[in-house]
Amino acid sequence: MDFTLSDDHKALRDSAHVFLDKEVDLGPLLKPGATVADVDYAGLWKKIVDMGWPGMVVPEVYGGLGLDYVDLIMVVGEMGRTLAPAPLFGALAGVWSVLAAGSEAQKTQLLGGVVGGNLSLALAIADADGGYEAPGRGVSAEAAPGGYRLTGSKSFVVDAASADKIIVAAVLDGERRYFVVDRTASGLEVELVAWRDITREVATVRLDKVPAELLSGSAEDAWPFVRDRLYLVLAAESAAGAHAALDQAVEYAKQRVAFGRPIGAFQAIKHQLAEIAGQGECANVAVQYAAWALSEGDPRASLAVAMAQSYNSEAYRDATHRNIQVFGAIGFTWEMKNHLFYKRARCNAELLGAPASQREQVIQILEREAA
Amino acid sequence: MDFNFPAEDDPRRQDVRRWFEANPSPTYKQIAQRGFSAANWPAPWGIGADAEMMLIIEEEFARAGIRQPSAFNPIAVNQCGQSLLTWGTEAQRQELLPPALACEHKWCMLFSEPSGGSDVGGLRTQARRVGDHYIVNGQKIWNSSADEADIGVLIARTDNSVPKHQGLSQFIIDMKSPGITVRGIEDMTGEEHEYCEVFFEDVRVPADRLLGKEGDGWRITMEQLQTERQSMTKPGAVWGAGPTARELVNGLIQTGKIRQPLVRDEAARLYIEGELLRLLSLRNLSNKINGKPAGIEGNIGKMMASPHGQRMTDLAKRTQGVAGMVKDKDVLPLPAKEYGRFTDWDYAYWFSPATTLGVGTQEILKNTVAERVLGLPRDSDPSARMPFNQTTAPRAAA
Ligand SMILES: Cc1cc2nc3c(=O)[nH]c(=O)nc-3n(C[C@H](O)[C@H](O)[C@H](O)COP(=O)(O)OP(=O)(O)OC[C@H]3O[C@@H](n4cnc5c(N)ncnc54)[C@H](O)[C@@H]3O)c2cc1C
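Quick mapping for you: the protein sequence lines, in order, are chains A and B.
Under the working numbering, the letters of the first sequence match residues 1 to 371, in that order.
Under the working numbering, the letters of the second sequence match residues 1001 to 1398, in that order.
Think of the hints as simulated: they come from the structure by calculation, not from any bench.
Keep in mind the model is a prediction, meaning the values are calculated, not measured.
Virtual Cβ for every residue (Gly too), placed ideally from N, Cα, C.
Please note that a few of the clues may not be correct.
[What the hints assert, rightly or not] Using 20 Å as the maximum straight-line C-alpha spacing, the simulated EDC-like pairs for lysine to aspartate or glutamate come out as follows:
hint, chain 1, residue 1, chain 2, residue 2
1, B, 1257, A, 68
2, A, 22, B, 1297
3, A, 10, B, 1002
4, A, 254, B, 1002
5, B, 1257, A, 25
[What the hints assert, rightly or not] So the derived label-pair ranges between C-beta atoms look like this:
hint, chain 1, residue 1, chain 2, residue 2, range
6, A, 137, B, 1004, 52 to 60 Å
7, A, 216, B, 1375, 15 to 23 Å
8, B, 1029, A, 297, 40 to 48 Å
9, B, 1009, A, 328, 44 to 52 Å
10, B, 1378, A, 336, 40 to 48 Å
11, A, 297, B, 1019, 31 to 39 Å
12, A, 61, B, 1021, 55 to 63 Å
13, B, 1262, A, 325, 45 to 53 Å
14, A, 325, B, 1265, 55 to 63 Å
15, A, 354, B, 1328, 31 to 39 Å
16, B, 1208, A, 260, 22 to 30 Å
17, B, 1009, A, 5, 24 to 32 Å
18, A, 116, B, 1021, 41 to 49 Å
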């Protein structure tokens, strides 16, 4: 039992911290109408790929770094703290999908591409209503000479626009299976949606008889495997983002003067920020415990990630809401960063199902344990 | 990073368990002699247990069905006794600690006064040095277990002429001293064993019962309150002593009430909070090893844990509807275990308003977190810098 981060973990976090502080500039996003195209999106991603982050969770047998989930949250936390606009979420979702559903040959080939830095991935699985239930309705697969063809559409696909290949969940013979398609394949259309979190690209993916390769490993439990890890990613971003929002609010409260005192001297402000600090501490232990549980293959890992995603989503929302209030009207302008965090918080909370849906998972797990 | 709890076959656990098996109904004296009373203290008092060992010991006490000394005699074992390790003299340790850890002497905390518990630095009870004694006059209030206590940890004013926090000193006093009158106060649960008021009329306290030096009282008291708060991060109702969210959810599952949609979501929320508080308290525990004074993080823990306990007992009660308004021990089933007085949800529920008052009100805790963790400006206290005898407090007392 040791609840502290090792020196290695801290060193990893610190190096990510220094790198991202230097490389991430949200300034260009602070003009109305700006998109990730206005920051050096591709340039930042290239540097991140050079750092090897997309291959962080790829096992060593496939050429990756084979780091564990505590290592992962060190880096993802820093990405969340800085709102780094880069398609890491899609890359990780793709890697885990291939790990969960690919054959050995496919893992070697696709994960090798990711590690080699010449393959970006994304995962298309949500339906138009934001649901993830199997088998799904959006896309159906039919056998075709030399492979399969996919037809239909998937929604809320993170990082599809910058991906080279997209993993698509589609219904084959009444079951959910996973396929790989080229983003540039004919019949495939990626349409960006006006996603509120402008540090992230989210798209609708439409397919019309698009040639696809079936991930031919077992698809059973692939989504719970991927989902649990994506919960961890979002929860880690949220914990770090909540701390960033708190730190900014505290700094501002020490400087902004009203009625002859810094506003941080007023209890209405102090007490609310104290409350956020408390939630922030809980968010930290939530994500660290979840990361550890996944790394260990602990039987409570699914419970731990669902708890973290639910709790941290709301802690992040509360922190960013309070952050805007502490800044006053300027905190409500486009030209400040406050709204970027608020929007990230809200979008993270809904992306994989609302916090209440994770709480439902928690209760179902407890009911099974009690039975 | 390793969240694994000590396993069943952990040799240290086996060791503790063998001791409990060899001593099936140990006296607290035997427990103290084995070093299990305040296991985190250094030898000879404890065994210098780290966080993991503390957890093992706690679980093995529970397994043996024995109430831990820290629950039976919390002021001595948890909050104040360890101040003697750093501030006390060897003679004080030899005289006071063995009976405290053996639970032969129950201790109480004499801090709050009618004039204020939050602003305890503005207290008015006087201790005047006369030869080799101090003469104490004044009144304390809200003192838990003072009616059963042998020893009191008293903070009193030894110097009127300096600002309020500087003129305070701490004494370890005999509660049976002539001139002390203790009266029980009936609290809103209708029980008369929570707290008391204590009157001092020319009470003679030997000078060698002064802890530290004159004027150290404020620092020592603050250390003790941090330690106490840290121990209150535990995820149970009533400062960690009562039922937990795990038990709440189990009860709701057993009774089928978990199927009500609103109950379901709220129960999940509470369960998650409870689990996170459990992790937080274990993390804090590791900062408290070897009898070191607690850090500031205990404030965050208690700030989160007390309202959590209130919400939890509130849900337990609400699932009972109108029937829950009858004094009743059976709101929801609870597993048989040692909860001290809080063996049912009903008592825990009606007691719960006290949990955001005692050991620092919620407002004081938030102030502490904001000021000491976040570094926000301190509240202004016009009386903090002037000599105490020039503030309005002593005049009001006169
Ligand atoms: C069950 C229980 C057990 C207790 N056991 C002990 C014990 O063993 N020994 C002991 O000495 N005391 C004990 N206490 C007393 C406890 O420490 C005090 O009740 C507490 O410190 C508050 O003091 P008070 O009751 O005088 O309220 P006050 O200090 O008068 O506070 C009244 C209200 O004003 C608020 N307030 C005060 N100052 C501020 C501020 N600066 N900013 C914002 N709000 C403020 C408070 O938060 C509270 O809401 C116990 C209390 C309870 C309920």
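Hints, verified against the model:
no.: 1; hint: B:1257 to A:68; result: violated (39 Å)
no.: 2; hint: A:22 to B:1297; result: violated (32 Å)
no.: 3; hint: A:10 to B:1002; result: holds (15 Å)
no.: 4; hint: A:254 to B:1002; result: violated (37 Å)
no.: 5; hint: B:1257 to A:25; result: violated (51 Å)
no.: 6; hint: A:137 to B:1004: 52 to 60 Å; result: violated (42 Å)
no.: 7; hint: A:216 to B:1375: 15 to 23 Å; result: violated (57 Å)
no.: 8; hint: B:1029 to A:297: 40 to 48 Å; result: holds (46 Å)
no.: 9; hint: B:1009 to A:328: 44 to 52 Å; result: violated (59 Å)
no.: 10; hint: B:1378 to A:336: 40 to 48 Å; result: violated (28 Å)
no.: 11; hint: A:297 to B:1019: 31 to 39 Å; result: holds (34 Å)
no.: 12; hint: A:61 to B:1021: 55 to 63 Å; result: violated (48 Å)
no.: 13; hint: B:1262 to A:325: 45 to 53 Å; result: violated (28 Å)
no.: 14; hint: A:325 to B:1265: 55 to 63 Å; result: violated (26 Å)
no.: 15; hint: A:354 to B:1328: 31 to 39 Å; result: holds (36 Å)
no.: 16; hint: B:1208 to A:260: 22 to 30 Å; result: violated (49 Å)
no.: 17; hint: B:1009 to A:5: 24 to 32 Å; result: holds (28 Å)
no.: 18; hint: A:116 to B:1021: 41 to 49 Å; result: violated (60 Å)
Hint check: violations occur at hints 1, 2, 4, 5, 6, 7, 9, 10, 12, 13, 14, 16, 18; the rest are consistent with the structure.
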